[in-house]
Amino acid sequence: MSANAGTRPSAEERQSAVGTVHLVYPHGERISAPDSIGRELGRRLERRYRVRYYDWDVPGVIKPERGDVLLGHPHPNRRTIFRQSVRQPGWRRRLMLAPFNHGDLQQVAFEDGVVPHCDRFLAITGAYWFRTLPGSRCSHWLPRMTHIDLAVDRADYQPLRTRFSPIGSRRVVYIGSSVWFKNTPYLSEIAEFLPGTDFGWIGGGPLSIRGFTPLGVLDFTTPEGRSSVAQYDIMLTVGTADANPTTILEAMAWGLIPVCTPQSGYEGIPSLPNVPLGDAGAAADVVRGLLQAPESDLLAMQAANWKLLDEHYNWDRFAAQVIDAIDATDSQPLGHESPRRRAGFLYSNWTAPYGRFGRLFARGRRRLRRVWAAMRHAKP
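Numbering (the working numbering), first residue to last: 3 to 382.
No lab work stands behind these hints: they were computed from the structure.
Take the hints with a grain of salt, since some may be wrong.
To be verified - Only pairs whose alpha carbons sit at most 25 Å apart, straight line, appear in this in silico SDA-like list of lysine to any residue:
(1) K309 <-> I328
(2) K65 <-> H119
(3) K65 <-> G115
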């Protein structure tokens, strides 16, 4: 029966009303995010719709035709293609798809001017950030938000660990950058409580990580990159405002046991232990428990993680949530945003690393951190 008869349109009718889906997202061939997101999502959308691809950081504007859908990742630069196009009239749907956390407003402040123009914000984020969203400074976005967990293709991350090192020989690795929200100085504090443990760091960034052997940025599609990862048993990450890092899912796929703060997005998963912020001793106790656990316990956790990847953290589930949003017709009113909150977003936007004054502030912060770190660790 047709929607004109007063009934809700069927999935087939909603799909037929969609013209071209204009996907604004990195979509290269790298197996890591963000390219994997645009590429894997696009492949699945092509089974149902016409899809056109755009990079997220290019200037320009898309003029929609009848039934067209705008889907993608806004860039901090207001002249880029998603932010210019989302204001154009004539879209069937305007859908924002981007990582989200509310722990560091500077990461998302520019989006306060974008969300009101979108029918839905598909937030790539962890359970922790969505659970605590109602009490956050981003709560007025909540009526238009959908929580989407990230995904990996297990074919890209074949198991590297099917057995664990003996107790006393297990090793810990951090994979990622040393940018501020990754909280890497806390890694060093935890390492101090675990003398004799071998800690490695795969990645790069503005800061060194004391107590961790730097291995540099590695390509995990190469035998050398995979061989380096295979030397470790546990992956530790302690972000303070990390939306939903794929390194955790990648470590799960490789067979390592990931350990993270809830503020890294993941919480309440027994096979993915959490460590607290601000208590390096307690965090070290969690890691120590894994270093000393019977191998059978670690193998059980590994199997549980592989099951999670198969059943939930996969691209078919990810794409299905996006498709539901494309086929839908709703757009809920945003919550109230007080003038004080709006001012906070403006300030955070201006002082963010990409903002008008952010580069100057960031340079000063880095200098102060280096001085502070030198003072803390200087010998008396």
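Taking the hints in turn, this is what the structure says about them:
1. Between K309 and I328 the CA atoms are separated by roughly 29 Å; this puts the pair beyond 25 Å, and the hint is violated.
2. Using a Cα cut-off of 25 Å, the hinted pair K65 and H119 holds, with the two alpha carbons roughly 15 Å apart.
3. For the given pair, K65 sits about 20 Å from G115 by alpha-carbon distance, which is consistent with the 25 Å threshold.
Checked against the numbered hints above, the structure violates only hint 1.
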